[in-house]
Amino acid sequence: MSAPDLHQMGVAELAQALADKKTSSTEATQHLLARAKQHEALGAYLALDEEVSLAQARAADARIAAGERTPLLGVPIAHKDIFVTRDFPTTAGSKMLEGYRSPFDATVVARLGQQGAVTLGKLNCDEFAMGSGNDNSAFGPARNPWDPARVPGGSSGGSAAVVAARLAPAVTGTDTGGSIRQPAGFCGVTGIKPTYGRCSRYGMVAFASSLDQAGPMARSAADCATLLTAMAGPDIDRDSTSLDHPAEDYGRLLGKTWGEGRDGASAAQPLKGLRIGIPEEWMNWADDAPTTDQRVSGDVTLRVSGALKQLEALGASLRRIRLPRTEMSIPAYYIIAPAEASSNLSRYDGVKFGHRAAKYDDLLDMYKKSRSEAFGAEVQRRIMIGTYVLSHGYYDAYYLKAQQIRRLIAQDFRAAFAECDLIAGPVAPTVAWKIGELADDPVAAYLADIYTLPASLAGLPCMSVPAGLGATSGLPVGLQLVGDYLKEAELLQVAHALQQATDWHTHAPAGY
Numbered sequence: 001m002s003a004p005d006l007h008q009m010g011v012a013e014l015a016q017a018l019a020d021k022k023t024s025s026t027e028a029t030q031h032l033l034a035r036a037k038q039h040e041a042l043g044a045y046l047a048l049d050e051e052v053s054l055a056q057a058r059a060a061d062a063r064i065a066a067g068e069r070t071p072l073l074g075v076p077i078a079h080k081d082i083f084v085t086r087d088f089p090t091t092a093g094s095k096m097l098e099g100y101r102s103p104f105d106a107t108v109v110a111r112l113g114q115q116g117a118v119t120l121g122k123l124n125c126d127e128f129a130m131g132s133g134n135d136n137s138a139f140g141p142a143r144n145p146w147d148p149a150r151v152p153g154g155s156s157g158g159s160a161a162v163v164a165a166r167l168a169p170a171v172t173g174t175d176t177g178g179s180i181r182q183p184a185g186f187c188g189v190t191g192i193k194p195t196y197g198r199c200s201r202y203g204m205v206a207f208a209s210s211l212d213q214a215g216p217m218a219r220s221a222a223d224c225a226t227l228l229t230a231m232a233g234p235d236i237d238r239d240s241t242s243l244d245h246p247a248e249d250y251g252r253l254l255g256k257t258w259g260e261g262r263d264g265a266s267a268a269q270p271l272k273g274l275r276i277g278i279p280e281e282w283m284n285w286a287d288d289a290p291t292t293d294q295r296v297s298g299d300v301t302l303r304v305s306g307a308l309k310q311l312e313a314l315g316a317s318l319r320r321i322r323l324p325r326t327e328m329s330i331p332a333y334y335i336i337a338p339a340e341a342s343s344n345l346s347r348y349d350g351v352k353f354g355h356r357a358a359k360y361d362d363l364l365d366m367y368k369k370s371r372s373e374a375f376g377a378e379v380q381r382r383i384m385i386g387t388y389v390l391s392h393g394y395y396d397a398y399y400l401k402a403q404q405i406r407r408l409i410a411q412d413f414r415a416a417f418a419e420c421d422l423i424a425g426p427v428a429p430t431v432a433w434k435i436g437e438l439a440d441d442p443v444a445a446y447l448a449d450i451y452t453l454p455a456s457l458a459g460l461p462c463m464s465v466p467a468g469l470g471a472t473s474g475l476p477v478g479l480q481l482v483g484d485y486l487k488e489a490e491l492l493q494v495a496h497a498l499q500q501a502t503d504w505h506t507h508a509p510a511g512y
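Sequential numbering from 1 applies to the sequence shown in UniProt numbering.
Just so you know, these hints were derived from the structure itself, not from any lab.
Since the structure is predicted, the reported quantities are computational estimates derived from the model, not experimental observations.
Keep in mind that a hint or two might mislead.
[What the hints assert, rightly or not] Derived DSS-like pairs: lysine-lysine, alpha-carbon spacing no greater than 25 angstroms straight-line: (1) Lys369 to Lys95; (2) Lys95 to Lys352; (3) Lys95 to Lys272; (4) Lys309 to Lys369; (5) Lys352 to Lys369; (6) Lys359 to Lys369; (7) Lys95 to Lys256; (8) Lys352 to Lys368; (9) Lys309 to Lys256; (10) Lys487 to Lys95.
[As the list claims (entries may be wrong)] Taking CB as the label site, the calculated pair distances span: (11) Asp244 to Ala397: 31 to 41 angstroms; (12) Ala444 to Gln8: 48 to 58 angstroms; (13) Arg86 to Lys22: 41 to 51 angstroms; (14) Asp441 to Glu280: 26 to 36 angstroms; (15) Gly511 to Asp396: 20 to 30 angstroms; (16) Glu373 to Arg275: 50 to 60 angstroms; (17) Gly511 to Ser209: 35 to 45 angstroms; (18) Gln8 to Ala397: 49 to 59 angstroms; (19) Gln8 to Glu51: 20 to 30 angstroms; (20) His507 to Ser317: 27 to 37 angstroms; (21) His392 to Leu447: 23 to 33 angstroms; (22) Arg295 to Asp244: 36 to 46 angstroms; (23) Asp441 to Glu312: 54 to 64 angstroms; (24) Asp349 to His245: 15 to 25 angstroms.
For glycine and all other residues, C-beta sits at the position ideal for the given N, C-alpha and C.
All chains should be built: construct the whole structure from the sequences, respecting the hints.
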């Protein structure tokens, strides 16, 4: 097989080529490492180690030669630098952890390694996963392969950029308030955030513990299903937030008709009987057809509406639903997440690990200088907000109220799922903005999360699926799908059916 073709392969295609001995894991790894260096200006990788990656590839080749087969054996992938790894440094995109080496692998990393996946390196992200553009990284921004002057989304921007630029067939990411879905949408790739607790948080550098969740990003729903099957599963001995729910094959419904055996379903209309709810708070209705609301750009409106029409052509029915507390998700999230961040990040004090100021007068001075030197502006902002809302006299007024609103938002979804099987709408109000454009207006970046935050607060599974390129901007637009609890297989089934009928997920940026 010609090496130049290797980066064009997705997970399943590359795994098949490895199993058929048309290529080797060593060859594929060498090729992708060379591409990572060739496109270093993208800023997507924070750490590469050719010796480590090739050693893993050779081990995978030996397992293949011995007759072993798994869906990921020998496939090179990369990890968001929020997961700790023994063989690569872990920074979480922060100067605070620069040079840190973990003595163990995160559960997600370990499980993918057990399946034979090869680690190419660690990927750029917003500092401690706090941001929507990946321009909060202490090591410089990752760039969007579709337009290097624009953000790839955040916080998993490096992850999305790598998949879009064909530097790896699949990657890991994390989603706290939309950090898998939004960058996937901005870069034209597929990403899924599973139900909270599906993937172990053990070894994931914490931002907001009741919201953080790992998930895969790849070019297709089928490849995401393969990764999620390997990543997910109970880990209750090491993660108290892990769901004690059996591991699943998340690809088991791919290619099947909705509600297998349902009357009227066919190969032409595999989604016959699927009820898709369109929230009035996300989309307006005119002549019984959904269009996005006034805050949404024309490019997003056109492509999301087109994707919904395609789902209708596949047999699904669209119906209006209400998520009346959508607007409240922003203030609720930006109280709860900073509150948890202020608690989680209190461990970085310069004493046992992390950055320590070179000069200080006493212990308190060391705390202050170490944190002010190593934490970036956005992290400091969120720590200050979180400390304030948790302080005496303000806890009940802010944090407790935000948690009550969170419960109401979850109840809105419960009511909605009584009327539909899944919910659809835009991932973000706009396409990717220019790097630095929102640097002086963090609230504008917060407001861009309005469609991803509700499902995060409710802990629901949700994903971003490519919906084509904007007619005006030429930039990717993502369609968001939200499912009921533990319905990841159904979400992936619908996304796969859409991708079988369209080629939006196959589009690649020029030059990659």
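Hint check:
Taking the CA atoms of Lys369 and Lys95, the gap is about 13 angstroms. The hint holds against a cut of 25 angstroms. Of the pairs offered as hints, the one joining Lys95 and Lys352 holds, with about 15 angstroms between alpha carbons and a cut-off of 25 angstroms not exceeded. A distance of roughly 52 angstroms separates the Cα atoms of Lys95 and Lys272; the hinted pair therefore is violated under the 25 angstroms criterion. For the hint linking Lys309 to Lys369, the alpha-carbon distance of about 56 angstroms lies beyond 25 angstroms, and the restraint is violated.
Annotation: proposed proximity of Lys352 to Lys369 holds, straight-line Cα distance about 15 angstroms (limit 25 angstroms). For the proposed pair Lys359 and Lys369, the alpha carbon gap of about 8 angstroms is at most 25 angstroms, so the pair holds. With a C-alpha separation of about 48 angstroms, the suggested pairing of Lys95 with Lys256 is violated against the 25 angstroms cut-off. For the given pair, Lys352 sits about 15 angstroms from Lys368 by alpha-carbon distance, which is consistent with the 25 angstroms threshold.
For the proposed pair Lys309 and Lys256, the alpha carbon gap of about 20 angstroms is at most 25 angstroms, so the pair holds. Only pairs whose Cα atoms come within 25 angstroms are accepted, and Lys487 paired with Lys95 is rejected, the gap being roughly 38 angstroms. Separation of Asp244 from Ala397 is about 35 angstroms and conforms to the stated range, judged on CB atoms against 31 to 41 angstroms. A hinted range of 48 to 58 angstroms for the beta carbons of Ala444 and Gln8 is inconsistent with their spacing of about 37 angstroms.
With their beta carbons about 32 angstroms apart, Arg86 and Lys22 fall outside the hinted range of 41 to 51 angstroms. Judged by the Cβ atoms, the range 26 to 36 angstroms given for Asp441 and Glu280 holds: they are separated by roughly 28 angstroms. The hinted window of 20 to 30 angstroms between Gly511 and Asp396 is violated, with their beta carbons roughly 54 angstroms apart. Distance hint check for Glu373 and Arg275: the Cβ-Cβ separation is about 54 angstroms, which falls inside the suggested range of 50 to 60 angstroms.
A C-beta distance of roughly 40 angstroms is found between Gly511 and Ser209, which places it inside the suggested range of 35 to 45 angstroms. Restraint check, Gln8 to Ala397: a C-beta distance of roughly 55 angstroms satisfies the suggested window 49 to 59 angstroms. Between Gln8 and Glu51 the beta carbon distance is about 26 angstroms. The supplied range of 20 to 30 angstroms therefore holds. Between His507 and Ser317 the beta carbons are some 28 angstroms apart, a value that agrees with the proposed interval 27 to 37 angstroms.
For the hinted restraint 23 to 33 angstroms between His392 and Leu447, the CB-CB distance of approximately 30 angstroms keeps it satisfied. Hint check: Arg295 to Asp244, Cβ distance near 40 angstroms, so the stated range 36 to 46 angstroms holds. Range check, Asp441 to Glu312: about 38 angstroms between beta-carbon atoms, so the 54 to 64 angstroms window is missed. Checking the proposed 15 to 25 angstroms range against Asp349 and His245 shows it is violated: the Cβ atoms sit about 36 angstroms from each other.
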